[in-house]
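Engineer: Listed here are the chains, written in short residue letters.
Number of protein chains: 2
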Amino acid sequence: MLLNNITIILAGTKHPGNIGSAARAMFNMGLDQLILAAPQCKISDESYRLAKGGKVVLDSARVCKNLKSAMRGFRLLVGTTGKSGGYRAQSFSLRSLVPRILDQAAQQKVGILFGPEDTGLIDDDLQCCQLLIRIPTQHKANSINLSQAVMIVCYELLMGRLGRDPARFPKLASLEQIEAMYSQLETALREIGFLQPQNAGHMMLRIRQLLGRAGLEAPDVGIFRGIARQIGWYAGSGKK
Amino acid sequence: MLLNNITIILAGTKHPGNIGSAARAMFNMGLDQLILAAPQCKISDESYRLAKGGKVVLDSARVCKNLKSAMRGFRLLVGTTGKSGGYRAQSFSLRSLVPRILDQAAQQKVGILFGPEDTGLIDDDLQCCQLLIRIPTQHKANSINLSQAVMIVCYELLMGRLGRDPARFPKLASLEQIEAMYSQLETALREIGFLQPQNAGHMMLRIRQLLGRAGLEAPDVGIFRGIARQIGWYAGSGKK
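In the order they appear, the protein sequences are chains A and B. In case it helps, my numbering puts the first sequence at residues 1 to 240. In case it helps, my numbering puts the second sequence at residues 1 to 240.
Do not rely on the hints blindly, as some may be mistaken.
[Said to hold, decoys possible] 27 Å max Cα-Cα, derived DSS-like pairs, lysine-lysine:
# : chain 1 : residue 1 : chain 2 : residue 2
1 : A       : K42       : B       : K52
2 : A       : K140      : B       : K52
3 : B       : K14       : B       : K171
4 : A       : K52       : B       : K171
By construction, these hints were calculated from the structure, which means they are not laboratory data.
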């Protein structure tokens with residue numbers, strides 16, 4: 001397959017038909033890695049009926065009990081959103097991010113995450129994404145069927161892949177490293193009172209967004225962990 | 001609607017669900033003119049269930065008993081095909097034809113024709129088309145679900161119509177703000193001993209590089225200044 005470093009991750013999917021249609025779309029466009037994270041339905045006969053040639057994608061699909069386990073091994077996690085308010089205002093138009101996704105996928109594993117049919121990705125899941133993409137629609141008609149959204153993303157990836165040479169790409173840190181860093185940073189920022197109970201969630205989200213855009217490599221993570229450690233040490237000793 | 005000179009014409013469609021899904025896709029992308037030519041099924045409850053916001057498209061859909069009557073009033077008829085043999089070898093990649101379709105639709109009615117689910121457009125229908133488009137797929141996986149194909153075509157038309165890709169243009173902070181932030185951050189990181197005389201220059205460069213990639217906006221700068229201020233306050237009080 002052409003795009004075998006890119007995995008489609010469907011989180012909390014409710015309809016077996018959508019899983020099948022998504023698998024067919026993936027197959028059309030040359031993607032074959034599918035993960036179901038905390039699905040709320042099973043791969044069924046209807047999934048297979050709709051998958052057609054995408055049967056091979058369903059056959060090898062992995063099921064994970066939550067997003068955290070699904071994320072394991074990925075370097076770049078890209079979320080999809082139809083909404084644009086608040087935190088989601090930080091999203092990029094799909095087409096503009098395709099080159100970056102493909103560059104990364106030339107060497108490292110990239111996951112593209114789709115939320116449940118009714119709600120889309122919830123905040124907790126969006127937080128884990130370094131980048132957010134949005135499929136342009138007409139105004140007030142942004143609720144795209146899940147498998148249609150998967151199709152458009154896969155189509156853009158194939159179109160990008162057909163016309164491109166791999167450029168220089170960063171070697172991103174693992175998502176486990178990233179999460180450990182945020183956790184350590186959050187603790188440190190609480191200790192020095194930068195994070196207050198009423199703003200901690202919002203602030204950490206902002207920090208995640210801006211560092212997500214940067215595309216952190218392992219040494220970058222080391223820098224922030226070093227700062228957090230030093231803050232913690234200082235705050236700890238300051239308290240004594 | 002944005003693209004009201006462009007009509008989607010579904011010929012010989014067999015599944016009501018596909019009509020509904022196509023209507024939803026059209027609605028997402030700002031097309032509202034739908035014609036069913038010689039359909040082999042009726043618009044049903046299932047069509048409406050799948051159409052969601054595309055209900056308005058279904059409500060105003062026209063049904064014609066054959067393609068000839070459906071074609072009336074159009075100036076340009078564009079056929080879609082997944083196959084590439086014989087006559088169909090004359091097809092263009094969808095994206096390459098979008099500008100031409102949009103130019104035409106700026107003044108005159110354009111129809112885009114999709115064949116039945118199982119066969120695609122038959123030769124008699126293809127003959128009526130002045131132009132043929134093909135949606136690129138991976139090799140030997142060119143059988144795309146009808147409503148998915150409608151979605152990709154409508155998506156490309158919307159993207160073309162939007163002209164420039166509505167990428168998110170960040171409103172970057174001023175360089176003065178950025179420099180003031182780095183200066184404040186450097187002071188704070190020295191105070192807590194993260195920066196040492198022998199590594200300070202190198203570390204600040206790394207930090208500048210990674211934050212530079214993020215593309216900091218004014219609120220982002222505010223976050224880092226807030227952190228630095230809080231570190232400074234803490235370090236200061238710790239020393240006392």
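Engineer: Would you mind marking each hint as holding or not holding in the structure?
Structural biologist: Comparing the hints with the structure gives:
no.	hint	in the structure
1	A:K42 - B:K52	holds (24 Å)
2	A:K140 - B:K52	holds (13 Å)
3	B:K14 - B:K171	violated (49 Å)
4	A:K52 - B:K171	violated (45 Å)
When held up to the earlier numbered hints, the structure conflicts with 3, 4 and fits the remainder.
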